[in-house]
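Top line first, the protein sequences correspond to chains B and S. Just so you know, the first sequence maps onto residues 1 to 530 in full-length UniProt numbering. Just so you know, the second sequence maps onto residues 1 to 530 in full-length UniProt numbering.
Be aware that one or more of the hints could be misleading.
What the hints assert, rightly or not - Okay, the calculated beta carbon distance ranges per label pair: (1) E485(S) <-> A488(B): 47 to 55 Å; (2) L249(B) <-> A455(S): 53 to 61 Å; (3) Q475(B) <-> G29(S): 52 to 60 Å; (4) P343(B) <-> G474(S): 39 to 47 Å; (5) P437(S) <-> E230(B): 55 to 63 Å.
Stated by the list, open to error - A few chain B residues facing chain S, derived, Cβ under 8 Å: (6) F16; (7) F65; (8) S66; (9) I70; (10) F86; (11) L150; (12) R165; (13) V463; (14) H467; (15) L469.
FYI, nobody ran anything at the bench for these hints, they're computed from the structure. Note that this is a predicted model, so its numbers are computed, not measured. Ideal Cβ positions, reconstructed from N, Cα and C, are used throughout, including at glycine.
2 protein chains.
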Amino acid sequence: MGEGPWAPLLSDLYQFSMACGYWRGGRQGEAAAFELFFRRNPFRGGFALAAGLHHCLAFLQAFRFSKEDIEYLKSVLPPTTEEAFFEYLRTVDASEVSVSSVPEGSVVFSKVPLLQVKGPLLVVQLIETTLLCLVNYASLVATNASRFRLAAGPNKKLLELGLRRAQGPDGGLSASKYSYLGGFDFTSNVLAGKLFGIPVKGTIAHSFVSSFTSMGEIKPRSLLPLGGKEPVDFPSLAETWLSRVCRLLQVRLDQVNRGELAAFVSYAITFPQNFQGLVDTYCVMRSGIPNFCAVALALNELGYRAIGLRLDSGDLAKQSVEIRRVFRICSKQFQVPWFENIPIAVSNDVSEQSLEELAAEGNEIDMIGVGTHLVTCPLQPTLGCVYKLVEVNGCPRLKVTEDEEKMTLPGSKVVYRLWDAAGFPCMDLMALEKEPPPKAGQEITFRPLGRTKEAGKVTPAAVETLHQLYFKDGQVCQPLPSLAETKAHAQASLDKLNPIHKRLQDPEPYQVAVTEKLYSLLTSLQSNGS
Amino acid sequence: MGEGPWAPLLSDLYQFSMACGYWRGGRQGEAAAFELFFRRNPFRGGFALAAGLHHCLAFLQAFRFSKEDIEYLKSVLPPTTEEAFFEYLRTVDASEVSVSSVPEGSVVFSKVPLLQVKGPLLVVQLIETTLLCLVNYASLVATNASRFRLAAGPNKKLLELGLRRAQGPDGGLSASKYSYLGGFDFTSNVLAGKLFGIPVKGTIAHSFVSSFTSMGEIKPRSLLPLGGKEPVDFPSLAETWLSRVCRLLQVRLDQVNRGELAAFVSYAITFPQNFQGLVDTYCVMRSGIPNFCAVALALNELGYRAIGLRLDSGDLAKQSVEIRRVFRICSKQFQVPWFENIPIAVSNDVSEQSLEELAAEGNEIDMIGVGTHLVTCPLQPTLGCVYKLVEVNGCPRLKVTEDEEKMTLPGSKVVYRLWDAAGFPCMDLMALEKEPPPKAGQEITFRPLGRTKEAGKVTPAAVETLHQLYFKDGQVCQPLPSLAETKAHAQASLDKLNPIHKRLQDPEPYQVAVTEKLYSLLTSLQSNGS
């Protein structure tokens, strides 16, 4: 679950029908090349982050059909399907497949292959759906996370808490993993923490708060001061502090909810070094905040520091400013310097847009929890990756449809990322494999992809080969970075990108182009097309 | 994977912090009741389908922490957490939990609990996130599927093919399962077929078609007529038919793509009884359709019948009408009666809206494949189910926030579905457990939920208790229907619903109400609230 290699039947039926077609024609072993790419940058943005590669590699390494799988396939393929085809399927694995890819976490652009897959036609066709399934959502949610990070700025802590809103258990695990990769700091998902080593965080829920109705329900009631030996009656101490706080803040003591206070006191007794509050079960400013301050100040008297509070409704920016003001007043009045800096966490349907609004409005928020808008990617719920045949037996292949956007670029390619003199990547240039690589300092003629196809010229300051070989002879052929390393790579990859492409709205399009040779091949195949 | 019970760590960290809080206060065994519900009907519609229950039950039955789980929890909870808490966790299971639910597949409405969960406070709190995760997406996608079914009408076949666009592998499996439940006929997902017994279907892909460039590539070339013994050179036969078809349709023979013809011929030789074509790799009317007709007519000469074609781009309705016209012409000209009825399947980013447009425009489509817009639910990517504490130790609990929509209804409830004289359900009425049940033919006073809270009166023609007890003493306590039975229940449940609530746009809201007693409890708790 979550991390395992996936069953080879996790695929569309037509892959097996086609496989049978290839096999029947003796074509199963023909050398084929596929490319996996998306057609438009997601979220109307200027880039995406590539993710899911490590899962794909695990899937390939384990790619083999069990007897049971074959029995099931027999039951769903036409009854006339030859027995020998099924016998052949039993022998199929990925030992002749090779996969080149951009490193996981890299910034990528539309139309440029993320994965290049080569191998026997039948096998590389069969794995299409699973590869798409493993890359599509992973890359989408990583990209979405990176946009939340850009919107929030580098200093806010971001917590992913979307498990309950994800597409089932594994949807939730993928969301946690790839949100972390894309720039989040924490997840609330414990299993994701265990499986992937992501730091987990959490606060408390309204149900905990509302499960208490009075101070009489608190058990146990005593708390040892930090380093002390004489237990203190903590509920009484909190009540004392509540009176002081209410006087200071001019809040009516009788309107403060005592069930809420009991919940906070109880939590503080359980985790005196990790006390935090959820302050909006009842009225934030007339109950939640006085109660929180009372408990935090009572803890302070015993040598402990509260670690934060969470706000889950209302105008988050405005309330955070009011709360910070209260913290400052308490800090000054009671001479508790750390009090003014207690971290404020918020949640409540936070979106990319609301993050931008928060930033514009000004706020005192330290950590932001994001669920639904992160994991379900409502601005664009799929990346729309496709997996297209580009070469068979050394001959380039092309799909020419009436829909120009659905066209493909023929031939096995090498992709070069060209860097400008300012140190930014400025163009992804696709060339045919047999072409000599472009060189730094030498002028190159290119054809941009898109509306205008006029030839242009560019002289790169540096040239990088975008893809690396990750899978060969049935094995992963280079050491894979850890998730933390991949996350760092994603951040570095984004840091290097020119800010004009990182604008969340109306980014400058990044240039993606083909060489003259590839362009000629494309036009010659198009004219033969139909 | 897909079907297994889920790990108990698939949860948010704060559940464990709160569990520790309850345990520390000796409250772990307090009798608590939670309700799982959503606040608004999804997709601006009038209803939802409840799904995910069977998964929840499997999860509960297996709910137990391993040693390894406990070790991991120790590493993420505050280091001061008492060892005895972890020892306690090792003993926790769901043996004292009971779950009542609407039967899986039932029509449900906002604010009415789908699940009612009772048991020891600590356990029923701990399972919150997992239950939400299992119900939220399942119900959402089932509802989405049912809307596609309503938009398509009862006669079109609907094929789910969203695996590649889902939230990872299990997202894809959940999508296939619950789309079937909600009204789809088939899935393309082979593993979903194997695991859940869903009928699987598929056609062929563009890559298969474009992998052929000429008729010379076809191997083998001979095909036995149905029941015959003399193999026929099938490529030649297809070429002969292509000339005839082109003459009849006045299409230029030299413009028909021969790679496409080779692909169709090859597929026909592999599956002579199951031939189908994908007709838009090149030009539909000048290449795809002539090629498809030629191969289908050649097969017909040998006694076989083509089973269909698929169209994946362009104006689907208009093209289907043109294609049907061609089928009729061929049928008549070549005296092949079945030819005019060859099923036409379409795909290409089909949405609920495009289905409605197809229906309005008129079309000759028999089967519709839906991927992205079904599995990612872009119109509303989450159902937003919540799980709220309603009772502790027999005392009702309420969350009063400044956000009225986020309020909860206190107390353990029984929900009655009231039926009108016309045989439609007309109101879901929530009552406190201790209230006597409403009776058919007797007038009941109710308070509607929503803006107006004026008391109203209703005399139901029939009364149904909505929830059944499914889980007790750690065991599933009634036989669970199969997926096919659940699908039939969903269909029946929808069939019984008044059409005014089934309109996809601007449906009449279904009445959800509370009894006078529950209303009094709510108002009395609200006035104590803060």
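Taking the hints in turn, this is what the structure says about them:
no.: 1; hint: E485(S) <-> A488(B): 47 to 55 Å; result: holds (51 Å)
no.: 2; hint: L249(B) <-> A455(S): 53 to 61 Å; result: violated (41 Å)
no.: 3; hint: Q475(B) <-> G29(S): 52 to 60 Å; result: holds (53 Å)
no.: 4; hint: P343(B) <-> G474(S): 39 to 47 Å; result: holds (41 Å)
no.: 5; hint: P437(S) <-> E230(B): 55 to 63 Å; result: holds (57 Å)
no.: 6; hint: F16; result: holds (7 Å)
no.: 7; hint: F65; result: violated (11 Å)
no.: 8; hint: S66; result: violated (11 Å)
no.: 9; hint: I70; result: violated (11 Å)
no.: 10; hint: F86; result: violated (14 Å)
no.: 11; hint: L150; result: violated (21 Å)
no.: 12; hint: R165; result: holds (4 Å)
no.: 13; hint: V463; result: violated (31 Å)
no.: 14; hint: H467; result: violated (21 Å)
no.: 15; hint: L469; result: violated (23 Å)
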